[in-house]
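From just these sequences and the hints, can you work out the full model?
Chain by chain, the residues:
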Amino acid sequence: MSSSDNGTNPTLRLQGVGKWFGSLHVLDDIDIDVKTQEILTILGPSGCGKTTLLRIVNGLILCERGEISFKGEVVDGPRPEMAMVFQNFGLFPWKRLDQNIGYALRIQGREKGEIDRLVSHYTELVGLGGFEANYPSQLSGGMQQRAGLARALAAQPDVLLMDEPFGALDALTRETLQEELLRINEAEPKAMIFITHSIDEALLLGDRVLVMTPRPGRIRFQFETGFGRGRDLEEIRGSQRFQALRHYLWEAMRNPDEEPEPIPELVLE
Amino acid sequence: MATDAPAATGISTDERAFWERIKEPAVYVRLISLFVVIGGWELMGQTGNIDPVTFSYPSAICVAFWDLIASGQMVSAAYESSQILVAGLLIAIPLGIVLGILMGRFQIFEYAVDTYVFALYATPVVALAFPIAMVLGVDFVGKTTIVVFFAIMPIIVNVYHGVRNVDLSLLEVTRSFCSTEGQRWRDLIFPSVVPYLVAGLGLACGRALVGMVVAEFLMSISGLGALSQDYIADLELDKGLAPVVLLMVVGIALTKVVNICETKFSSWRVRQES
Ligand SMILES: Nc1ncnc2c1ncn2[C@@H]1O[C@H](COP(=O)(O)OP(=O)(O)O)[C@@H](O)[C@H]1O
Ligand SMILES: [Mg+2]
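As you go down the protein sequences, you meet chains A and B in turn. Residue numbering for the first sequence follows the numbering used here, beginning at 1 and increasing consecutively. Residue numbering for the second sequence follows the numbering used here, beginning at 1001 and increasing consecutively.
Mixed in with the good hints there might be a few duds.
If you want the footprint, here are the derived chain B segments under chain A, 3+ residues with CB under 8 angstroms [stated by the list, open to error]: (1) 1159-1173; (2) 1181-1192.
For each label pair, taking beta carbons as the anchor points, the in silico distance ranges come out as [as the list claims (entries may be wrong)]: (3) A:L233 x B:G1182: 43 to 49 angstroms; (4) A:G238 x B:F1106: 20 to 26 angstroms; (5) A:D76 x B:V1194: 33 to 39 angstroms; (6) B:V1086 x A:S23: 53 to 59 angstroms; (7) B:E1110 x A:I61: 55 to 61 angstroms; (8) A:A133 x B:V1135: 18 to 24 angstroms; (9) A:I61 x B:F1217: 31 to 37 angstroms.
Just so you know, these hints were derived from the structure itself, not from any lab. Note that the Cβ used here is the ideal one computed from N, Cα and C, for glycine as well.
Here it is, written out as structure tokens:
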């Protein structure tokens, strides 16, 4: 972490972001602050512009309205302080696993010794030790996404952008990776925007959950999950708070036009 | 695979694999076919059904082949031919790669040259032999140019398609990690083009061989083309066909080399189907 704050100042700020593809209005007036070390999960129906939002944050495409700033600087293109984990993994099929994981470091022109050290550290961290010489096609989807995660982490970004990273995986692999992501984030905390269409995933991983409307995507509501750090996912799953929030989100997703009965003990902004 | 069968019959797995391969239709149908065709042809020659003035048969061609090698004629003709073949390929391959890449990656360049490229692609190259001879002469330069025209088209077209078919989601990955244009070529574009290029090279080698013989027939006569033509004109059909056999062997060998390159460069694909 380059900043000396205690994890409460916004690292990333989106102000009034609006996006059109031709005449298709995809995003409308999005305001989001992501604090240092905060995990923000974004939940929204398919096609509401979640991927588009993440691409804008990453600087891959520009928005017609509004502005993104990272530590006070306007984002007008990709920058090394942010790293993306892609839904379809985005690994180079002709590169071995270690080459894929070290990709961002080589792009940044780091020294060979440093690259080797970081690659082996992050390969171990995501549990891929021993598979360095394999090509992506020789690995399961879960292992490929571990590699995608390791590649992003190895770049040592301040912000991790994740676009439904576990969406293509089976339920069991998905749960394992959720646990591991939290464990890894515990060890090396950083700000994270995690997009998902799974209610459970949004609640389990997020410090804050943000729900979007159907297209054009707007912020519908957001709230702190309040499960705290060092959370035990099994314990959370069994908790009343989790069940209540889950039910609330379920109702909200089912009826995009009306807000469900608020839960009194939760502060919903 | 049943593992108990070899133990029961006392046949080792190696032997077993051999007999299983033999039983494959691909192997025995080919062997039988070769035996029937070559054997039948030979038999007709041996029994005097082939007039040696108008045609020949396998054993006679083999003997002629050996005679031509022993007399040094085959080697010097092959050396002469290979000069225009190699020179033509050495020009066609890099030039084709560069043109294909430029057309695939830069829209302006594509618009500027695609009319000519696709017009040439549609034209039978043999028809270009005479205009080329008029402009560049009938010797080394003209002949090499014919080989270049024959060989370059599949390279340009394949490389162009390879560049065009670069995975857009991987292109986004390179952008997301702040890759420079040069790094993007190294990490993404060149590796995606390789399989297309290798397939193009396979076609190019075959066509270069055709171009070489066409050039030797239609322009100043030389090399293996000349050797073949001279003997056929002298009604020595066995010696006239021997260079053709050599061309056949070279063609097969070139295809094999390209196949080996293909496997080597796509080792990462090997287990993709699992
Ligand atoms: N490059 C593009 N050009 C035109 N339309 C696009 C493009 N990318 C996305 N869209 C459209 O924008 C809308 C939102 O897409 P996306 O951000 O992928 O949604 P989500 O990730 O929430 O499912 C969709 O209707 C999609 O068809
Ligand atoms: Mg999406």
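Quick rundown of the hints versus the structure:
For a cut-off of 8 angstroms, the count of residues in the segment 1159-1173 of chain B with a CB near a CB of chain A stands at 4, and the three-residue condition holds. Figure legend: the segment 1181-1192 of chain B, annotated as covered by chain A; annotation consistent (4 residues with Cβ-Cβ distances under 8 angstroms, at least 3 required). Taking the beta carbon of each, A:L233 and B:G1182 are about 44 angstroms apart, inside 43 to 49 angstroms as hinted. Separated by about 60 angstroms at the C-beta atoms, A:G238 and B:F1106 break the suggested range of 20 to 26 angstroms.
The beta-carbon spacing between A:D76 and B:V1194, approximately 34 angstroms, falls within the hinted interval of 33 to 39 angstroms. In this structure the supplied range 53 to 59 angstroms holds for B:V1086 paired with A:S23, their Cβ-Cβ distance being about 58 angstroms. Taking 55 to 61 angstroms as the suggested C-beta distance range, the pair B:E1110 and A:I61 does not conform, at roughly 24 angstroms. A beta carbon spacing of about 54 angstroms between A:A133 and B:V1135 contradicts the range 18 to 24 angstroms that was offered as a hint.
At about 58 angstroms, the CB distance of A:I61 to B:F1217 disagrees with the hint of 31 to 37 angstroms.
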